[in-house]
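Start from the sequences, fold in the hints, and give me the full structure.
Taken in order, these protein sequences are the chains called X, B, F, P and D.
Heads up: the first sequence begins at 1 in this note's numbering, then just goes up one per residue.
Heads up: the second sequence begins at 1 in this note's numbering, then just goes up one per residue.
Heads up: the third sequence begins at 1 in this note's numbering, then just goes up one per residue.
Heads up: the fourth sequence begins at 1 in this note's numbering, then just goes up one per residue.
Heads up: the fifth sequence begins at 1 in this note's numbering, then just goes up one per residue.
Derived by calculation from the structure, the hints in this document are not laboratory data.
The beta carbon of each residue, even a glycine, is placed where N, CA and C say it ideally should be.
Accuracy of the hints is not assured; some may be wrong.
[As the list claims (entries may be wrong)] With a straight-line cut-off of 25 Å between C-alpha atoms, the simulated DSS-like cross-links for lysine-lysine are:
# : chain 1 : residue 1 : chain 2 : residue 2
1 : D       : Lys139    : B       : Lys214
2 : D       : Lys149    : D       : Lys139
3 : P       : Lys7      : F       : Lys135
[To be verified] A few chain P residues that don't get close to chain B, going by computed Cβ distances all over 12 Å:
# : residue
4 : Thr65
5 : Arg69
6 : Ser99
Here's the letter readout for the chains.
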Amino acid sequence: MTLWISGYILLLVKFGLVLGCLLFLAAYLVWAERKLLARLQIRYGPNRAGKFGLLQPIADAVKMITKEDIIPAEADQSIFLLAPTVVAATALLMFAVVPFGESLAIMGQRIPLVITDLNVGLLFIFALSSLGVYGVALGGWASNSKYSLLGGIRGAAQMISYELALGLSLVPVVMLAGSFSLVDIVNAQSGYPYILVQPVSFAVFFISAMAESKRIPFDLPEAENELGAGYHTEYSGMRFGLFFIGEYVHIQVLGALTAVFFLGGWHGPFLPPFVWLLVKMIFIALVMIWIRGTLPRLRYDQLMALGWKVLVPVSLVNIIVTGAVILMVG
Amino acid sequence: MPTLTIDSRQISVPGNTKVIDAAERLGIMIPRFCYHPALGAVGACRVCAVNVKEGPMTGIQMSCMLDAGDGMVISTHDKDAVDFRMAVIEWLMMNHPHDCPVCDEGGHCLLQDMTVSGGHGMRRYPGPKRTHQDQYLGPLVQHEMNRCIQCYRCVRYYREYTGYKDLGVLGIGSRVYFGRTGDGRLESPFAGNLIDICPTGVFTDKPARFKGRKWDFERAATVCTHCSLGCSTITSSRYREIIRQEAGISPDTNDCFICDRGRYGFGYANLPDRPRQYRVNGNPCSRQTAWAKALDLLDTTANTNNPSTVALLVSARCTLETLVTAKHLCHRKGWHGPVWDAPSGNDIKSRNALDALAPELVATMKDVRESDFILAIGTDPVNEAPVLTLALRQAQRNGAHITVIDPRPVSLPFDFEHLPTSPEEMGDQLAAIVCAALGGTDLSHLSPAGKAFYDDLVLRNAAATVPDEIVVALKKSRHPVIVCGTHMVNEDLPVLAGECARMINQPERSAGLFYVLPGANGFGAAMFTETHTNAGLLLDKIKSNDIKTLIAIEPEGCAHVHSSPAMAGILKSLDCLLVMDYLESPLSRAADVFIPTATVFESGGIFINQNGTGRSMQPLYMGGTPIFQTGRTGPPPRLFESDIPGAEHVPAWLPLADWMGLSLSPDNSKRRLEILKYTIENEPWLSALPISGDTGETGIKLRIPNRRLNEFASLPHTRNNAGNSNSPEISLYTVEQTFGTELLSSGSPALDEVIPQIRAAMHPADAEFLNLADGENLTLVLDENHELPCNVKIETDMAQGFIFIPRRPDLPWPVPGFAPIPLHPDQIRREKGDLR
Amino acid sequence: MSNKYPQILFQNRKPDRIATMAEYKESGGYQALADALSNRSPAQVQEEILDAVLLGRGGAAFPAGRKLETVAEDAPHPRYVVCNADEMEPGTFKDRVLIHADPHMLIEGMILTGYAVNADKGIVFIRPEYEGAAKILEREIRFAEKEGLLGENILGSGYTFFIDVHRSGGRYICGEVTAQLNALEGRRPNPRKPPPYPTQKGLWGQPTISHNVETLCCFPHILRNGARWFRDLALTETGAGTKIFSISGKVNRPGCYELPMGVRLSEIIEVHAGGMVEGSTFKACLPGGASTGFLTPDFYDIEMDFDTLRKKGHRLGTGAIMVFDQKTCLTAATVNLLEFFARESCGWCTPCREGLPYIKHLLTLIENGQGSEDMIPTIKKMSAQLWNSYCAFAPGAVAPVESLLVYFEGEVREHIKLGRCLLGD
Amino acid sequence: MLPADLKKNLQTKIATVSHPRELVVDVLFDIQMHYGHLTDEAIHEAAELCGMAPVEVEELATFYTFTFREPVGKYVIHVCDSVVCWMNGYQTIREYLCSKLNINMGETTPDGLFTLIPVCCIGYCDRSPAILVNRKVHGSLTPAKLDQLIEKIKMENPAHVE
Amino acid sequence: MTEIQQKNISILTAITAIGQGFATTFKHLFRKPITEQYPEEKRELPARSRARIVLTRDPDGRERCVACYLCSAVCPVSCISMQSAEKPDGRRYAAWFRINFGRCIYCGLCEEACPTSAIQLTPDFENCRRDILTLVYEKEDLQVDHGGKDAAYNFYEYAGVATDEGPKGSHEKESPPVNVRSNMP
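Here it is in structure tokens:
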């Protein structure tokens, strides 16, 4: 009984901690992105709110929350209101299966440093990431604006396309680890990270992950210069903020997943495990920002061609090669 | 029907069509300056050049001078033609000043349009520009001769079209000058059309000078309400102020031109002292208060008194909607009326006229213009219905014989025959002319009534002699028109005129009948007011306490009785006086409840002109105190308000509909459509009018409920011998003048300067009898309380035994001009010393 | 020096005085009138004139007989005959000389024309500068009336015809037929555009025949001597009759010479006008008044005849030859001509009223050395466009300009290049 | 005001024609003879005589060369400036006249004797350069001839000599 | 063979190009930003910058605006309104003239349309106000005492209308007024 209650408390604490960290990190990721992007472009970036603009995320949050929430007259109201939460919620939920480290033992209790260790964690992630498409597509459709609709359609098409490559790229990892559980996958990398044995898989995963999170150079759903802001053109205030949070949480999720699947998760010398995970996550995020600061947006046909004609075949070949190697090595 | 090809497109046009018109039918607008549909082609400006590829004369030709011929092939955008037109524009612009920013024509200037569309954008001519001194042409038209492009439209219009002769073209070559012999007001009351007809800014609207640009105006097609002709106008307003009016184009009425009364008569709508506030007992109050008070008063009267003690007074300036609503209200409530407030028994005469108006005989202005014989009886066109003069002039230019039978000193800007006749004898003259012209015609087809009528004519014929040439001209005529007035005639004359038109309408001769009615909606007022009463009887009834409550809706004569004790007494005997009007008057000041109404510019409305054509206008603007009044000369106040100041007024029909219990939408435009629907559906006679109220450019001809062509009325055979020449009495008539007598336009500040001094026109023989000389001051003693100072004007060309003075609204008048006033010589005093 | 050619119109010309009626009659005057009134029908008169191929001498060269025919048989009365003595074409003075030489010839010509179209009244429209001629005509008309040659029932034939002298107020445009009719009616003398033609609706809306003085003067001779004789007077096949050439400018003996149609220009200048003045050589001439183009030395030998000149792209006009020498700047001369035309334009239509001053201004700038090369194509184009004006005034006015720019373009360009006029003033 | 006899004279003349306005130029010339030039009053009088509107008469008076709407001297000298006279010394004649009379073209001498007006070809090209003095021609002019002419006129009008 | 080689080369060059791109952006990380810090560092704007609108004056110091309504007509946001009137000397002027800077988008079309060079845009751009009504500028607020960019121009010198600037025929490129009654031909 007490175990049951303490388990719940523990869960709630973990929820709170993870959620708080994620949101905080998301906020400062925005700051970091703006700052870094500015420097990549020889600018200063935010530097008015606090030292180095460090209070900027707070100012942004205040602004978002206090801004008027405009709902277009012609919009499909309920769906319009729901869409941002779908995006934000699916992104946040993905973190549920990401392990931060080995289990802690407090007061004799073994506390796993993961919210829930599903034995099909990987599938859970795929499922949620597929669900995220609904937020984009519904938001775009419900706005009843041609820009939003086009953005939504693009988003859906793009995410479905890259979902496949993303999934296929992880098959070798599962083959190597022999489990769908993320904890097992991390543990399987205690010796060496999979990036060393699966560089192709890593590359495909990384590219697909960027496309999934609609980041430059794959930000066609929101392409500012052609679609206004795409599927969230009509959103304002905190609802727009939810889309924003969704995006930046997504970055973190993908950073964490990259770390989990290819960089050995929380494994690392000297530092505590969750710090390692954090470092790896942030590193991946920074690389993404750097890419954003360097590469131009793809054309839509290029995007599709890359997904279907390059990434999918490459990962299929990679699976066969990996399978063959595993069979040969035994 | 020649068929020709213009710009590779074929078109068949009637013979005698000019190429420029044929092209216009195809939608190809060939530039033009001197060409104007009403003035014809003269080929002076040379800008309408086209290239004739195939035809009797090939090469560059002026399309306005060229009759469309069968098989012609014409190009309007051929390089030669375009080049030549561009050269013409360059020549015209050689001396044209670059003063468009300070020119009032800027923005609706034909020259601007042509210069831009002609492709001449840059000045190339290195020489200096020619300049001219300007002339003062009166308070209405501004002259700026520098801008002239010598298209000759102005003189052609002024001299040929209207027949006035004080504008000319002076000088020669490149120094030709369009002006008068010296400074001075243009004599023509149609001079305002120079503004419209000038393709550039030589003649501009002086009262509207610097008031705004065309693109800033709220513009709408309107109908002139200053006489019964119902000319088309285009009104422009800006910042809640009516700025200017232009002539609209309506082939059946005014063609392309209007008179200055119509052009500048809109001033009443802008007046600073126009009543814009509801009042109860003279104190300003809110709309709700006034509304409630009015209802309260009406309820009380209806309860305490008999409903027949309530009377409703309307006039010919009311819209058709108001008249019909008033009629239905009276019928429903059992009130007295509606009573038509018309001076000089014009109501009865108008009704008589409409009774005699057979639909087949109805003549429009177009018919008048195309007529070859016109007999105008009891009308003074320039003063009563000015644009009729232009129609007569067009007929005269085409060779029509024009006769005017009228006691007044009628003057028209062309040759015509005037028979100065007293009102009693006018019928005899008419009978004599018709009788003589019919002599020898087979009249066997006539009905017994017709024969009886003819016998009556023969009887009357003996009483008058008429010049032979009139009779000869009428005999030769194919399209004679009888024009009959309603003011200066006896009650039976309109009927007589109508029957005469019937009489002369023979198989080989199609006659027309054209009545000049009082007021803009005289036709409607005659149709929808009570026939058994009139304003005079109404006053009697008030005096005898039969009427205790009077509702006056936009009244005509009664409203403008100035400080007359008699009138004050009449008003005092009323229990309740309710006035609805957009003009301030002694009556409105005395009202227990005053409701400000909207002008036609603000409410729109339908008017029926004298030939039974319904013309509607849409509301032009919302109304309200003009910004120039709220902001003085400075900028308008900087306020965010939902209410327009001074826009409290309502259309006159609204309170009536409310009292009647009609439920109307609170929305202005919807309400208007509802009342239109009500009006049209409840009067079968109006069924031809569209419920949308849009009667289009030319109006909708209503089917006049009337007798057939071959029915004749029986007329009173004896004539009224009241005007006995042996009597020492002289009849004083108040007559209309172009400017200053018509109620609405006389309040227009723009026309103040052109309103002539009050002069008493009299025959030389009368002047001699009274020992008066021309220009002498005299005082007419109307009664013990009223004297009228004026000035003698001896007119040879008028009937004997009359004094005519203009019926100005500001005259001190014991009775509001319901009948001529017999004056004993003792009542006519010279200013210094006694008579004789 | 006497003239070797037959003198028809100048048969009674004397250096010092006017031929009297007696002298005119002696030379065969009024015989044609008497003969026509008694022996010929109006139609026959018309036919004779048509046969003679008499071309209008006022400048337009319209066949006179054809004009007579256009008055319909049943046209309304009164009908008018207008004699156009409003000779204002610069360089032209033949009508003055004719009236001063033999006024009765004109009177007889008018009566004959009147008879040919059954007219009721003749009007001599004369320019105010010729006040002397007008007085002479008025006096001689009175004499003719006294003799019964004019007025009611002429020579007992039953034909009645009156002649009035009407003075112009003085404007070149009054010489234009339709403008002249307006002037006669006391209106502004703007040209009218036919149709209707004056022969149908002219003066006061009545049929009106309008002829030049010289044309009218030919009538008696044609009727007396026959059309064949008249045609044979000319030296060329196409010409007919004699022509009075008024020669002026840089010649030794300027004046009027009656010479057969088709006489060579060189002969006129060298023989009749006494050659060029001392120190001058022929540079160009205007063959028929100010509204014709320049004839260059290439045309020095041309036959002066309506047809020949027309074939070469020129016009004989009024036959007023103005001779320019090598010391005269033709650009300046053209500016002077344009000045005249710009001043005399009636102001009715745009091309003439504004176009002529435009061209004048440009040409003046060129003459003064302030011109630029782009002005020349502008002037050329604009001159061509002036042909599309209301009446024949502007096309006439640009004739010298157009020919200047054809034959003397080099000289014009020289002005622009040098920035001044080579030839002084 | 026109003298009664002149008015009478004109009225009789006008009575003989069918359209009074056809005589308007003659009437203007006669009235001009009386006043020297056409004053505003003259225009109105001519209009009345011919049954025309004043502006119709004004239209003609401002159109024609020989109707003077502005004051002129007793002797109006019209100097021909058309092409033949121009070629044969118009410039000299004009300059000589201007300096001799000390006025510009279009002006009147202060003594009111002479007015100089340019005119287009007067039809005396055979005697160029030519001028008209009160419509009487003087041809083949030289400065000496002009001197004679002007002196002669001045002699005939001693009152005008200052 | 060669085709594959070329393709390899092109893939190689593409990768190096991308690599160069990343190198460039990476190098930028260590450069000093070129941003100007606006409120602290202010810079002189070019004379033709389009900001606050003024009404300039003639060289002689009189109002240039003739209230021709062209600026208000051309204004895409309808922020200009005025009323023209006439001065006793015949000049046309604006009885009142109002620009609502709350609406103005500083497009400069009014300046282009102005035939008298009266209305001009200036580089003065810091005009934010908290109360929107204070952004409505009246004539007095707009007028300046100089001729702006076109200091020498005076419309009435060219317009050809008679004002106190001079009677007819006294302006630039004008002949004296025609005397229609002249005796000159």
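Against the structure, the hints come out as follows:
Annotation: proposed proximity of Lys139(D) to Lys214(B) holds, straight-line Cα distance about 23 Å (limit 25 Å). For the hint linking Lys149(D) to Lys139(D), the alpha-carbon distance of about 19 Å falls within 25 Å, and the restraint holds. Restraint check: the Cα-Cα separation between Lys7(P) and Lys135(F) comes to about 22 Å, which is no more than 25 Å; the hinted pair holds. Annotated as non-interface, Thr65(P) brings its C-beta within 12 Å of a C-beta of chain B; the closest such distance is 9 Å.
Look at Arg69(P): its CB is around 9 Å from the nearest CB on chain B, not clear of 12 Å, so calling it non-interface is violated. Ser99(P), annotated as away from the interface, keeps every beta carbon of chain B farther than 12 Å; the closest lies near 28 Å.
The structure is inconsistent with the numbered hints 4 and 5, although it conforms to all the rest.
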